[in-house]
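Asks: These protein sequences, in sequence, are chains A and B.
In terms of the working numbering, the first sequence opens at residue 29 and continues consecutively.
In terms of the working numbering, the second sequence opens at residue 29 and continues consecutively.
One or more hints might be untrue.
Because identical chains cannot be distinguished in the list, a pair is counted as satisfied if it fits within a single copy or across any two copies.
List of simulated lysine-lysine pairs, DSBU-like, C-alpha gap at most 30 Å [said to hold, decoys possible]: (1) Lys-240 with Lys-59; (2) Lys-233 with Lys-366; (3) Lys-219 with Lys-204; (4) Lys-247 with Lys-106; (5) Lys-97 with Lys-319; (6) Lys-70 with Lys-158; (7) Lys-219 with Lys-319; (8) Lys-319 with Lys-40.
It is worth saying that the hints were derived from the structure and are not from the lab.
On a predicted model such as this, the values are computed, not experimentally measured, just so you know.
Protein chains: 2
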Amino acid sequence: MKTDQYSLLKEKLSSKAFSSIFVLVDDNTDKFCLDIFIKKTKIDEFNKITINSGEQNKNIDTCQIIWDKLNAFNADRKSLLINLGGGVLTDMGGFVASTYLRGITFINIPTTLLGMVDAAHGGKTGIDFKLLKNQIGLFSDPTEVILDSDYLSTLTKDEFLNGYAEVFKHSLLTNKKDLNFNSLIKLDFYKDVTFIIEKYSEIKKEIVELDKFESNQRKILNLGHTIGHAIESYSYISSSLNELKHGEAIIVGLITELYISHKLLGFPLKDLQNIKKTFSEYFDVISFSDKDIEQIHDLMIYDKKNEADKLNFVLLEEIGSPVIDQQITKELFIEAFKFYSKSL
Amino acid sequence: MKTDQYSLLKEKLSSKAFSSIFVLVDDNTDKFCLDIFIKKTKIDEFNKITINSGEQNKNIDTCQIIWDKLNAFNADRKSLLINLGGGVLTDMGGFVASTYLRGITFINIPTTLLGMVDAAHGGKTGIDFKLLKNQIGLFSDPTEVILDSDYLSTLTKDEFLNGYAEVFKHSLLTNKKDLNFNSLIKLDFYKDVTFIIEKYSEIKKEIVELDKFESNQRKILNLGHTIGHAIESYSYISSSLNELKHGEAIIVGLITELYISHKLLGFPLKDLQNIKKTFSEYFDVISFSDKDIEQIHDLMIYDKKNEADKLNFVLLEEIGSPVIDQQITKELFIEAFKFYSKSL
């Protein structure tokens, strides 16, 4: 990423390819990222739309606020929406752009590690609906995703690590020796971040290209997410659990689903323990009561990725060898949480 | 249409291709069309979702009601939504299906003439937003459109004629001698309706296939709609004008835009007068005050089809010869309304 990541955008801006430019920010990226964006793009005229940050605002009400602003500033079919923010903002901004006047052009500029390696790519746009994550949305590609690690300096350590859950996941899915889990953990997560963004976003893009609409291969990206998403949703409604970040929930999802992989597909115990140990160096262990685990199980049934009421899991035979459409029992689900909670 | 229009659907239903079936109806089609549908498809198990009829309910609130019902009945990615209704219902049902879990399969069964010859085809789905027609939506095709003129027997004469506005439009756009305006008006609109549905929906489909995303040729379908849509929207908010049906507004749009065509492109006066006379046999002339005309003009500026703040009209050089991207003056706009109001 030595070249100017903004060159294509700057070219379009100077050629007046768009009738008007809109930049979508949330209260955080407005404060911490917009100045960087303006300095780098040298953009001189745009309309700013500011929304509240956070998953709890990733809903149809916020979409209506954005559509309304686009109307108010006379956005038309040749307008451009630039989404400057994390995964919540790029998911929602992509949905709003793709449904405004049946679709206007949008560009994603992820400002979090999670966005850079995952959310901003692959064309999944959408919002939550009645506590169900990403229930409403569509497949629609940004014309460009600009990766600029300079935005990461605006993140807290927690927010930064939150993104590593998806990097870990990609490293567990890839069969490229120089990028798999065992290679990844030798890197310096802070110093090598530009390399990590570039390489691990490529893994996602390669998988998505094989299967844009998630009929088959793309499902492997759900590793850790069948349980992880349910944990995340549950943490928003439960009084016994603090709200979890996406990455924190996915880390639990990965450990439990790899335990299930070990039991059902013989995923090596040595790798499982090594992964659990590595994660524990970066993420606190979360306490789940028996009632929590029951309720997470029930919530999971509604997870959108499960077709025809069957819970389909992605499991691993070994690092780099995922297997899709696996079913598990409730007993094994509970057992996996016991494994997660047990100290090493 | 001698063959069983439902054969493909019946085949899919009996092969259990879908995990669950949803039928979207409004209060009218629930009462007048659902029994016909059940009798013809011999469907034995489905979930009914009922919404309120009318353009005023074509909004995000109604979408939320439908998404909620899909959730409540555990719809998943392999569910099917059958839209049984007029243009409002098929537009909105298509949008809801295309955004639920990033898109489930949907089939349109239009129950109005307008739906059969126009709205149910072409992949435009969407809803109104803050009084702006079809402001939110996307391009998404139904897997099938079932045309069955038996539903038309449930319509009042006014509702039936409402659909003829689009048939007239298609007859003005086509260069097929046996289908153009002069051929159409020789038919018996009631007796020949099966033939008319079949042929005039084909005209729409042929135009759409040339240009799915409306970058060019498809724009000709907007004939009569630049002014017509603005009149329709205005009739909803104005206290001086009764609410107009889509077809009634489009008839005014066609006459005014053909008058403009006559002035700017030499569209033959003889044809213009013949068209105006024919329309007057089926549709009452509507009174517009000077203030109405001013406000319709202002509202038109927001019409979604106008890019970069320019009002782009489709005009006709002659019947069957449309020209896109035409600009007009406000004076000519006002003059066109005077022509419309003047008795023959």
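Asks: State for each hint whether it applies.
Replies: So, going through the hints one by one against the coordinates:
no.: 1; hint: Lys-240 with Lys-59; result: neither (35 Å within a copy, 41 Å between copies)
no.: 2; hint: Lys-233 with Lys-366; result: neither (34 Å within a copy, 59 Å between copies)
no.: 3; hint: Lys-219 with Lys-204; result: within (22 Å within a copy, 69 Å between copies)
no.: 4; hint: Lys-247 with Lys-106; result: between (34 Å within a copy, 15 Å between copies)
no.: 5; hint: Lys-97 with Lys-319; result: between (43 Å within a copy, 28 Å between copies)
no.: 6; hint: Lys-70 with Lys-158; result: neither (40 Å within a copy, 34 Å between copies)
no.: 7; hint: Lys-219 with Lys-319; result: neither (41 Å within a copy, 67 Å between copies)
no.: 8; hint: Lys-319 with Lys-40; result: neither (54 Å within a copy, 42 Å between copies)
In this structure, the hints that do not hold are numbers 1, 2, 6, 7, 8, in rising order.
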